[in-house]
Amino acid sequence: MRTPTKFVQELTDEQQSQLKAIMKSNAPQSKRRRAHTILLSFRGYSIDQIAAIYEVDRDRVSRWFQWWAEFGLAGLGDDERPGRPPKLTASEQQQAVLIVGEEPRSVKRAVAEVDRRMKKKSVVKR
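Every number in the numbering used here is 14 more than the matching position in the sequence shown, counting from 1.
In short, the hints are calculated from the structure, not lab data.
Nothing here was measured: the structure is a model prediction, and the numbers come from that model.
Backbone N, C-alpha and C define an ideal beta-carbon position, used for all residues, glycine too.
Treat the hints with care, since some could be wrong.
[Stated by the list, open to error] Each pair of labels, with its calculated beta carbon distance range:
hint, residue 1, residue 2, range
1, D62, E28, 27 to 37 Å
2, D62, E117, 53 to 63 Å
3, Q23, P118, 45 to 55 Å
4, L112, E84, 34 to 44 Å
5, I67, K133, 46 to 56 Å
[Said to hold, decoys possible] Below, a list of computed lysine-lysine pairs in the DSSO-like style, where the Cα atoms sit at most 27 Å apart:
hint, residue 1, residue 2
6, K45, K20
7, K133, K122
8, K38, K20
9, K45, K34
10, K122, K101
11, K20, K34
12, K101, K133
With the sequences and hints as input, model every part of the structure.
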């Protein structure tokens, strides 16, 4: 029995140009890969061919097509990953970058200065 083939639906010129722009951007590699698979499918490549190109299983490629159909460009990105909350708030992070920028050659001094100004012990580690 032949495996059914699945392709993405027709792409508009705008969608094609957006996908090409993503491929050429500095977006995460996974997002660029997914954009390329959508374009390859539009050009007539089968799921099996795309899976062989990227050395992934056909279910993964099919899932990328499904994400594209459901979410469009937003479906190409990765979801937020769980992890430890940051020790610094966004404004504190900006301040820390400025402090390090004052003396970029003396990291130990910059870390001590960040700790002193933020009154947080060992916030920044090298």
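Each hint, compared with the structure:
{"no.": "1", "hint": "D62 with E28: 27 to 37 Å", "result": "holds, 29 Å"}
{"no.": "2", "hint": "D62 with E117: 53 to 63 Å", "result": "holds, 56 Å"}
{"no.": "3", "hint": "Q23 with P118: 45 to 55 Å", "result": "holds, 50 Å"}
{"no.": "4", "hint": "L112 with E84: 34 to 44 Å", "result": "holds, 42 Å"}
{"no.": "5", "hint": "I67 with K133: 46 to 56 Å", "result": "holds, 53 Å"}
{"no.": "6", "hint": "K45 with K20", "result": "holds, 20 Å"}
{"no.": "7", "hint": "K133 with K122", "result": "holds, 16 Å"}
{"no.": "8", "hint": "K38 with K20", "result": "holds, 26 Å"}
{"no.": "9", "hint": "K45 with K34", "result": "holds, 12 Å"}
{"no.": "10", "hint": "K122 with K101", "result": "holds, 19 Å"}
{"no.": "11", "hint": "K20 with K34", "result": "holds, 21 Å"}
{"no.": "12", "hint": "K101 with K133", "result": "holds, 12 Å"}
Consistency with the previously given hints is maintained throughout, with no hint failing.
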